[in-house]
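Q: Okay, here's what each chain looks like letter by letter:
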Amino acid sequence: MASPGSRWNRHSGRITSPRLRGDVKNPPSEIHRSSQDDIMDVGLFTQYVMNGLMLGMMYALVAVGFTLFFGVLDVIKFSHGDVLTVGAFAALASFAGLNALGVKSQLVDLVVMLAIATLAMAVLGMLIARYLVMPLRSAPALNTLLITLMLGTVLRESVRLFYPQGANPKPFPALLPRGSVDLGSFNLRLDNVLMLAAGIAVIVSVQFLLNRTKLGLAIRAVAQDQDTARTMGVNFTAIVLVTFAIGSSLAAFAGVMNGLYYNEINFGMGLYLGVIGFSAAIIGGLGSIYGAILGGFLFAGLQTVGTVLLPFASAYKDVFAFAVVIAIMAWRPTGLIREKISERV
Amino acid sequence: MSGFEAMAGREKPHAALWPGLIVLAAATLYLIALLAAENQRLIISLLAAGIAAVIAAAWFRLLDRAGRSFEDREDVLGGFAILAALAVAVVFHEDHFVLLLITTVLLTTVATLGLNIQFGYAGVLNFAGASFFGIGAYTSAVLNAHSALPHLAVLLIGGLLAALIGSLLLLPVLRTRGHYAAVVTIAFALLFKTFLEVNDVLGGPQGLQVPGMKILGWAFNDNMSIGRISLSFYINYFMVSLLLLIGAFILVRRLERSWIGLNLDALRLDETAAGCFGLDIVRWKITAFLIGNFLIGIAGALFGMVGSFVAPNNYTFADSLILVSILLLGGIGNPWGLIVATLIVVIVPEKLQTIQEYRFLLYALLVIGVLLFRPQGLLPRPVRRYFPGWRP
Amino acid sequence: MIRPGKLSAAGLMAAVLAMAVGAAHAKDKVKVGFIGPLTGGVSVNGIGGRNSADLAVKLRNADAKAKYEYELVVLDDECKPNVAVQVATKMAADKDIIAGATHYCSSTAIATVDTYHKFGFPVIVWGAVLPDITYRNKYAEIHRVNGTMINQNDANAELISSLGYKTVAVIHDTTDYGKGHNEYFSKALAKIGKAKIVGTFGVTAEQQDFTAELTQIKSLNPEVIYFGGLTPIGVRIRSQMDKLGIKAVFDGTSGIVSDAFVQGLGPLAEGTLAFREGAPTEKLPGGKFFMEKYNAQKYDNPPEAYGAFAYAAMDMILDTIEKTGPDRKKVIEELGNVKDRDSIVGKITFDDHGQNTVPVITKYVIQDGKFVEWDESEYATGKRKLPGQK
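Residue numbers (the working numbering), protein chains in the order written: chain A, 1 to 345; chain B, 346 to 737; chain C, 738 to 1127.
Since the hints were made in silico from the structure, they are not lab data. Watch out, some of these pointers could steer you wrong.
[Claimed, not checked] Taking lysine-lysine and the DSS-like style, the derived pairs with C-alpha atoms no more than 27 Å apart in a straight line are:
no., chain 1, residue 1, chain 2, residue 2
1, A, LYS170, C, LYS984
2, C, LYS1020, C, LYS1035
3, C, LYS1066, C, LYS1100
4, C, LYS980, A, LYS170
5, B, LYS559, C, LYS832
6, C, LYS875, A, LYS170
7, C, LYS827, C, LYS802
8, C, LYS1120, B, LYS696
9, C, LYS804, C, LYS768
10, C, LYS1120, C, LYS795
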């Protein structure tokens, strides 16, 4: 009585409306489902890998932001995901502005949008740090967590209410070149490759910044030991603001990337990405950049594995991935790359 | 009177009854007026007047006195509060929607009381309050429709199931601290909603209808009339919810004042020191978490029957955040504060239609304000009384 | 001391004036309700419906012969079943609201059926197409002016089969709406027997990422992808189809008949099929009249696909209240006797389940960014071809 391939129609425990299920006759016999034959050809596999890499890149960008904030100020800034949303909308607004000005070149559009989004979010991040996070440094960590959660809600609702028709999903312009190459059953798209390359470049440059520059040295000093860094002459407030600016710009970049990948943005995209980014940062161990990157790709990997295992209800991939996160937390409470905790008793 | 006499138990309550009574009566009348008003301008002026009155009362130290009389004479004032609730129900006996609103307030308060045990007393972070509420609701949906279990038993089972599923999270919750602990419950909250949505057995995104409550043959969903007065059928649910709230409130209060509460407070304030003093941290955390979830589950089961509809969209992470913000607004650890905060959070947006759309935004801003300027909430938790009649 | 004489004269004049003005407005106020998705992905349809209902009320209030003055109470169901139940409870529990025109989304309409019955609140559905809404129970309170999805899926299956396509993959959302489309389309396709369904995929109504399902579908290689769901995920699926290089025909239902679909996809929307019960608004019996009056009010939104039905529903409610007075029970009784009533969408008859029959099914194809009737399109004549069309 079930239509082919749909597992969920077979449940007899359905409580309402048995009529909806009773009358479908079996369609003609030849039901062709390659996944049931358990062979996945190389093309299909590569497609999954590519999807996973793209997702992982976006999660990793968000996770790196979380880790930076935690390292520097010992705070979890939950509004990070929603900063991503605001960044994406800022990019969309600047696109609309550019269109109104008559700019036609896609490259110019893209560059300007990215610039505006990252700069605007850097400023926003600094404001958040200065007025919401730093005053609460002496309060219990719970308060900071809650305030940033609420701030995330404020950002999200503001986009929904104040951006024209913010509640509707908005189409995001496809600004990357659209060429693609067909390798068997795998469709390699140029824009995906470009985005992947750009994401890697950004992460590598953040690493470079942290490890090879004086600014990065100052950030790492503050992250390691705040008081000693201050006695060494590091301007604490400035460093915090700069770190927040960097993290928020990363979020804006991820937001634009997300928009380009899905060709759509909506006001709720940040919540989901924020929680995943946070989980990824946690899995990788807070405070460690490598951990954050690892966590991002790991989470994407979990989702992809979940999709492959349960091809007919891809929404279960989230259930699977979050369940694994909880399990990992039970096994390694401070993440895979252990955080070195010393607590004043 | 000397402290010695106080400790000996031959103390008289210090505070007078009248400040508490006045505040209670004023609040009840205000609530009735607010619920009855329909005109938007009237409502806005009522709200402004209310805020002004509160500020004035604080200025004239009436609130302090009222607070003290609530502390000392809680049992009597509690009785009066029950009368006040009944009075409100009598005034609105025909009005379906107002009764539904009040029942929602009562049940949300029970849920936040459960959350209070976890957060406020034991310091166990739980960002999945709405999910446990949902577990209770879905239990009542499934059991009411498919089994002949008496509905009161269904309530209990709802609570037990919420506690049981909560125990799945125990291991990660116990082993993590701070931010990591937050992640566990947040991940669970998201997981739960997605699970409900993709799962056809439990109705999927379409949700399930919940048959109304029936106790001993008395069907709750039929309208009743006494003589020429017709009563809304929500009165039935109101009574059961009130009873539930009274029970939960007494439980929470007794728990707080008992040695259990003392252990939980010690645990929250400083885990390491508590461990050094020989408190079994694991045991108390588990107790708090499970009892809290049990309460939340019962409230959820009853709410499912009141609303007669459950759907995954009712139990999202955002709803859990609302419960947490009620806790924060009211003052963590203070049950009376919870009642006030729940009233504000549930009733004001319903009445103020113009802000309906903006309500999430306004809650969030309100909580940010509270966290920045008055982190202890509207009615902060008073200092623990170690001896009866003792005053700090 | 104020001079009493002057004051009382002024007072008398004011009183007389007030009475005169008052006498002209002596009509009793009656409240009627409207529920639709005013926010969220399908809000354009909800707002279009609201504007249409508002038009009906405005025109009636401007009519001097009307017995009552009507006030429209509007509530937003956000196309979510739980919100719908809450607002339905709110509207039905308010004894001042006599009747309502409700719901565009089927998922919300089916969830609230019991609520309206519980409170004895008469409603006329204006946009939801799931048959169960009127046929699952025999509730006297529930009526519907637009058709059900059975007929549009019959027409859909017929067109696909007649165009010579053999393999179809089905994507549907997991609400009762999507499931209903899946059921009726599968039945209709099986009955004709020329094409077969190679795979069925259920997706959540807010799903972002369809690469998993679409990758699977790509390996199944169907000629047509049938989509039973609403515009927001329709847009996403179509654009992700393109990203994965899937070149099948995108075959939708009334859920995607909306300008938002075209706006969301731009040139990708070309060649999409869609079906709807009822003639296009301009071709309805009262269509011209409706469009004229609608445009005169200068609303921000067009009436969209179901605006005319919302107008007809509200108009019928107003007619009924004029006849029976503001009494819910009498309205329910009167609505049970509706036979061949004239309206802008044609003659309305409610059968014993409160359902109106809408015989015409319009077949659409998107051509150059507009919904064009199939028979008048260049695809039917062969000037343009759908992917894989023979």
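Q: Look at each hint and say if it fits the structure.
A: Structure-based check of all given hints:
For the suggested pair LYS170/A and LYS984/C, the alpha carbons sit about 24 Å apart, so the restraint of at most 27 Å is met. Only pairs whose Cα atoms come within 27 Å are accepted, and LYS1020/C paired with LYS1035/C is accepted, the gap being roughly 21 Å. The hinted pair formed by LYS1066/C and LYS1100/C fails the criterion: a straight-line CA distance of about 39 Å is larger than 27 Å. A C-alpha spacing of about 18 Å is found between LYS980/C and LYS170/A, which places the hinted pair at or below 27 Å, so the restraint holds.
Taking the CA atoms of LYS559/B and LYS832/C, the gap is near 25 Å; set against the 27 Å cutoff, the hint holds. For the suggested pair LYS875/C and LYS170/A, the alpha carbons sit about 41 Å apart, so the restraint of at most 27 Å is broken. Straight-line distance between C-alpha atoms of LYS827/C and LYS802/C comes to about 31 Å, which puts the hinted pair past the 27 Å bound. With a C-alpha separation of about 59 Å, the suggested pairing of LYS1120/C with LYS696/B is violated against the 27 Å cut-off.
A C-alpha spacing of about 13 Å is found between LYS804/C and LYS768/C, which places the hinted pair at or below 27 Å, so the restraint holds. With a C-alpha separation of about 45 Å, the suggested pairing of LYS1120/C with LYS795/C is violated against the 27 Å cut-off.
Violation of the numbered hints given earlier is confined to hints 3, 6, 7, 8 and 10; the remaining hints are satisfied by the structure.
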